[in-house]
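Q: Residues per chain, in single letters:
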Amino acid sequence: GQNIDQPTEMTATEGAIVQINCTYQTSGFNGLFWYQQHAGEAPTFLSYNVLDGLEEKGRFSSFLSRSKGYSYLLLKELQMKDSASYLCAVRDYNQGGKLIFGQGTELSVKP
Amino acid sequence: GAVVSQHPSWVICKSGTSVKIECRSLDFQATTMFWYRQFPKQSLMLMATSNEGSKATYEQGVEKDKFLINHASLTLSTLTVTSAHPEDSSFYICSAGQGAEQPQHFGDGTRLSIL
Numbered sequence: 001g002q003n004i005d006q007p008t009e010m011t012a013t014e015g016a017i018v019q020i021n022c023t024y025q026t027s028g029f030n031g032l033f034w035y036q037q038h039a040g041e042a043p044t045f046l047s048y049n050v051l052d053g054l055e056e057k058g059r060f061s062s063f064l065s066r067s068k069g070y071s072y073l074l075l076k077e078l079q080m081k082d083s084a085s086y087l088c089a090v091r092d093y094n095q096g097g098k099l100i101f102g103q104g105t106e107l108s109v110k111p
Numbered sequence: 001g002a003v004v005s006q007h008p009s010w011v012i013c014k015s016g017t018s019v020k021i022e023c024r025s026l027d028f029q030a031t032t033m034f035w036y037r038q039f040p041k042q043s044l045m046l047m048a049t050s051n052e053g054s055k056a057t058y059e060q061g062v063e064k065d066k067f068l069i070n071h072a073s074l075t076l077s078t079l080t081v082t083s084a085h086p087e088d089s090s091f092y093i094c095s096a097g098q099g100a101e102q103p104q105h106f107g108d109g110t111r112l113s114i115l
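As you go down the protein sequences, you meet chains A and B in turn. Residue 1 is where the first sequence starts when you use our numbering, and the numbers rise one by one after that. Residue 1 is where the second sequence starts when you use our numbering, and the numbers rise one by one after that.
To be clear, the hints were calculated from the coordinates, so they are not data collected in a lab. Careful: at least some of the hints might be erroneous.
[Unchecked claim] Label pairs and their calculated CB-CB ranges:
hint	chain 1	residue 1	chain 2	residue 2	range
1	A	30	B	70	23 to 29 Å
2	A	58	B	15	45 to 51 Å
3	A	58	B	68	37 to 43 Å
4	A	67	B	7	39 to 45 Å
Where is the CB? At the ideal position from N, CA and C, for every residue including glycine.
Between the sequences and the hints, there should be enough to build the whole structure, so can you do that?
A: Written out as structure tokens, the structure is:
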């Protein structure tokens with residue numbers, strides 16, 4: 001089966017850097033995705049890793065280590081609008097390509 | 001690119017009513033779409049995989065006769081909640097991708113409230 005773990009909640013200060021970790025176990029890994037979800041809204045796509053290493057997109061970066069079953073999302077120069085839930089999801093080719101989501105990390109950015 | 005549209009955004013109706021939710025891929029064709037449900041303070045729960053031209057694949061515990069899915073074209077999937085009851089009140093979200101190797105993009109979601 002699949003198991004995805006990420007912290008339930010985190011707090012950080014405006015302007016700082018925060019790292020949200022995600023560990024996973026899956027039999028047919030085929031990509032790891034990060035989504036941002038503001039309260040009352042649908043998730044929006046942030047980043048995607050299928051190979052080991054770092055993917056950078058502006059203030060957001062995501063890292064993957066397949067051998068360790070580990071990923072992190074790095075948010076730099078935090079802004080108040082970054083307060084949201086961050087969802088880690090793994091795609092498993094043994095499961096028809098569907099995404100398996102973690103419980104999400106609720107990030108609160110404080111002034 | 002990869003825009004997914006969902007309609008309606010909000011539905012409030014009486015118990016026993018059937019409600020249809022549409023999910024459209026606006027600028028790409030999607031042979032597969034996914035339907036999720038999300039309760040407050042919880043993560044997304046996959047309900048079913050919608051397959052164009054064939055039957056949907058439902059997750060364990062999801063009643064296929066309760067949640068009817070039709071994927072009649074490469075750009076449209078519909079979810080019908082039949083004889084809805086208050087416990088069906090939730091946030092329903094669809095997603096689609098431009099291919100099996102591409103990220104899934106979500107519609108804006110439909111907030112369903114059954115009185």
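Q: Kindly indicate which numbered hints from before are broken by the structure, ordering the numbers from low to high.
A: none
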